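Student: All chains should be built: construct the whole structure from the sequences, respecting the hints.
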Amino acid sequence: MNSSEKLAEICEQLDTTALEYLDLISSYEEQWKRISKELEKGFLSLAHAKYAMGPSSLTQHQYDGRMKADTRILISEDQEANNELGQNNSRQIILINVSDPELDVLSTDDIVDKPLETGGLRQRNVRISEKENEKLNFTKKGFIKNPLNWFGVLVPSSLRESQNSFKQATTPRQEQAYPNALDLDFEKRYQEFVASSVMDAIEEQDDEETDYKDDSSEGDR
Amino acid sequence: MAAQQKDRNFLAIIGDEDSVTGLLLAGIGHVNSQQKKNFLVVDAKTPLSKIEETFLEFTKRKDVAIILINQHIADLIRPLVDDHDQAFPTVLEIPSKDHPYDPEKDSVLRRVQRIFGE
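For the protein sequence lines, the chains are A and B, in the order given.
Note that our numbering numbers the first sequence so that position 64 is 64, with each residue one more than the last.
Note that our numbering numbers the second sequence so that position 11 is 232, with each residue one more than the last.
The set of hints was computed from the structure by calculation and includes no laboratory data.
All values derive from a computational prediction rather than experimental measurement.
You may find that some hints are simply not true.
[Said to hold, decoys possible] Dumping the calculated DMTMM-like pairs for lysine to aspartate or glutamate here, alpha-carbon to alpha-carbon at most 25 Å:
{"no.": "1", "chain 1": "A", "residue 1": "Lys50", "chain 2": "B", "residue 2": "Asp319"}
{"no.": "2", "chain 1": "B", "residue 1": "Lys326", "chain 2": "A", "residue 2": "Glu30"}
{"no.": "3", "chain 1": "A", "residue 1": "Lys68", "chain 2": "B", "residue 2": "Asp284"}
{"no.": "4", "chain 1": "B", "residue 1": "Lys318", "chain 2": "B", "residue 2": "Asp237"}
{"no.": "5", "chain 1": "B", "residue 1": "Lys271", "chain 2": "B", "residue 2": "Glu238"}
Tutor: Next up, the structure:
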């Protein structure tokens, strides 16, 4: 393969990488339009709830000091993409709801253990049957309270609407993994690729020039 | 590397009271066993040093995957936000009630402009 063919190939690869990168940016901008809309709705409903409940009832002083995150992030390595690209940088970020009984993502540190109720008496060597154990696990998972309850039992519907809007804002659409567009690894990869390609091209050109000079000097002799 | 990212489960938020309240309603708030919170409410009385300190703490924490920060607060600590070049935790600038989202100030889009030499 001569240098001009190699240069053309590098240019093609650069174009593909740049297009891929621009696709990510455009999906990022689309995401932002959607998120901004949802947040706007959320703020409006929150303001309405504040108006209905009174300004002092929706402040940071009502937050539960023992709160546990209900919405969490799961970073999964995209194996297929990694195999295709031969790199370990492709990731997918998924938001998950830990209240979902199908998921078992709570770590033991996050769970506040409640003592077993034993009718007032403390019993030793009590073996917990499997069913009881399952029941206990269920109550442990159920420990995560709905944040709406921090602000009272009977909260206005606007506060529920606000909660839904904020949930929508943080939840990605399935076809677009939400902060995937921000993957800085991709940026680094792109920059490194640009730098290495340019270096390769320069080296190739230098080699060609020296070869040409050598040939011409031999011709003079 | 993969194991490190697996531990990053939380979203952190630095924002005004309404933004933090809204996002905590969505269920991202977490207080761990060391009583460390993953959020900071910024008001007129919050010193800049506290915001900087919290931002740096969130960037160093191993369990935070995404830092959400109000754009007008990110403007206050712009050099710190721009200096952050790690993929995780990712910094996302979000609009607040009083300050709509301005793409020209977004650190991600500014980085894109820098890459393409604009």
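Student: Work down the list of hints and note, for each, if the structure agrees.
Tutor: Hint-by-hint comparison with the structure:
1. Lys50(A) <-> Asp319(B): holds, 16 Å
2. Lys326(B) <-> Glu30(A): With Cα atoms ~17 Å apart, lysine 326(B) and glutamate 30(A) stay inside 25 Å; holds.
3. Lys68(A) <-> Asp284(B): The given pair, whose Cα atoms are some 13 Å apart, holds under the 25 Å limit.
4. Lys318(B) <-> Asp237(B): holds, 9 Å
5. Lys271(B) <-> Glu238(B): Given pair lysine 271(B), glutamate 238(B) holds - Cα atoms ~16 Å apart, limit 25 Å.
Checked against the numbered hints given earlier, this structure breaks none of them.
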